[in-house]
Amino acid sequence: MTIQTSLGDIFKTYGSERPIFKEKETLSIKFTPENTPHREKQLKQVALILAPLLRNDKPSNIFIYGKTGSGKTLVVRSVVDNLLGTINKGNIPVKIFYINCKMKKITDTEYRLLAQLVSNFGEEVPYTGLPTSEVYKRFYELLDKENQNVVLVLDEIDALVKKIGDGILYNLTRINQDLEKTKLTLIGISNDLSFIDELDPRVRSSLSEEEIIFPPYNANELRDILTERANLAFNPGVISSKVVAKCSALAAQEHGDARRALDLIRIAGEIAERKDSKKVEEIHVDMAESKLDTDRILEILRTQPKQSQVVFKAILQSHKKGNTNIQTGDVYDLYTNICAKNNLNPLTQRRVSDLIAELDMFGIINAKVLSKGRYGRTKRIKVNLPKSLVENIEGSILREFY
DNA sequence: AGTCCACAGGAAGGGCAGGCGA
DNA sequence: TCGCCTGCCCTTCCTGTGGACT
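Heads up, the final residue of the first sequence is numbered 404 in the working numbering, and it's a clean run with no missing numbers.
Since no wrong hints were added, every one of them can be taken at face value.
With a straight-line cut-off of 30 Å between C-alpha atoms, the simulated DSBU-like cross-links for lysine-lysine are:
| id | residue 1 | residue 2 |
| --- | --- | --- |
| 1 | K308 | K293 |
| 2 | K293 | K24 |
| 3 | K43 | K91 |
The following label-pair restraints were derived from C-beta to C-beta distances:
| id | residue 1 | residue 2 | range |
| --- | --- | --- | --- |
| 4 | E136 | E25 | 43 to 51 Å |
| 5 | L372 | K104 | 28 to 36 Å |
| 6 | T70 | Q150 | 31 to 39 Å |
| 7 | P54 | K374 | 53 to 61 Å |
| 8 | Q351 | T296 | 26 to 34 Å |
| 9 | K139 | S242 | 54 to 62 Å |
| 10 | E393 | N237 | 33 to 41 Å |
| 11 | T229 | K374 | 45 to 53 Å |
| 12 | D335 | L372 | 13 to 21 Å |
| 13 | M363 | P388 | 17 to 25 Å |
| 14 | T111 | K91 | 34 to 42 Å |
Bear in mind the hints are in silico, worked out from the structure with no lab data behind them. Just so it is clear, CB atoms sit at the ideal spot from N, CA and C, and this is done for glycine as well.
Given only the sequences and the hints, what does the whole structure look like? Please build it.
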């Protein structure tokens, strides 16, 4: 058989038969389901707060808090979709914009966020070059062009404030004083509750005129959500309640993260599909779990700058020598060695210290500040990755370094 | 009680690339 | 082309620190 025909066979069976999935998209985080189980209360709260829009009044600003995958974005999007439907029918001048503040290179600086806001109004600003005040000015002008209500949903607002401070929020919460025609309402969504305490008190009080808290889902609630989605996504009889329960339980351990639960069940389905299985089994869920972690780490490492990869290589070298108590100084010595062998200019220890902190933040390594009295203060670095993954990383991403 | 280690991590600023308007 | 602005990466300089040792 030629390659062409055998490939043809694969695509033919793959394209025509879908024994596992009925509609996989329903497991995507982009999908907005009709029901939002266990979030009825929050849904109603958000809807009531935003309802004045229908009478062309300005609603209160809202601050929404809850861990990742607790349904915040889903609820807001669901209310907004509904609202927009009614608004469009009634010809009410309302614009609602959703911005994720954690998008690297898109919304992670004051300038870029403003540029993004401006582009929402259909105008473009250059990626860089203009003074920030100029971008502000353009935003004001666009905003105040006509009589209208504008709602700005700022998702992952804590990430933004951690990076650039609360200056921009101060400006946005004060903006209504300067606007003549437009009324601006802010909806801030955060994963981190303590974040609100670090804000300027004036920003805090105006941003959280209304506060809504999303508690994490427990395993039972996750199971309800997952069952509903699984019924949409999978063909009948493909997935048992036991498998759904397993995904829910695993995700419940991760602070009740529904996104994680959906990812798990989707990947498990894909694995089952690839293995030509007629059903999704528990073993597929186990495989999905390790695949999710592995993929995440590989992806992060791959997109790290060279220097950061070299630092990680130095850590791995020390780790493989059986050193369970790796410290910054050791890593730095190994790092400079690797740099010398590879003709790279080594960075300073200060910078390497930051890179180590970054790797820790990504969860690739575990670094803890440790005082050893007489013997100084340092970070104790641990590598908690499976051996197979370490080998995989060394064979692919770190291969280019000696 | 005081010393001192081996860093942590904050602050300031240099240098670069990309981009603007004049 | 020039002067100015931005973000980003990095260095330099600095102060802070928990606890073993004296």
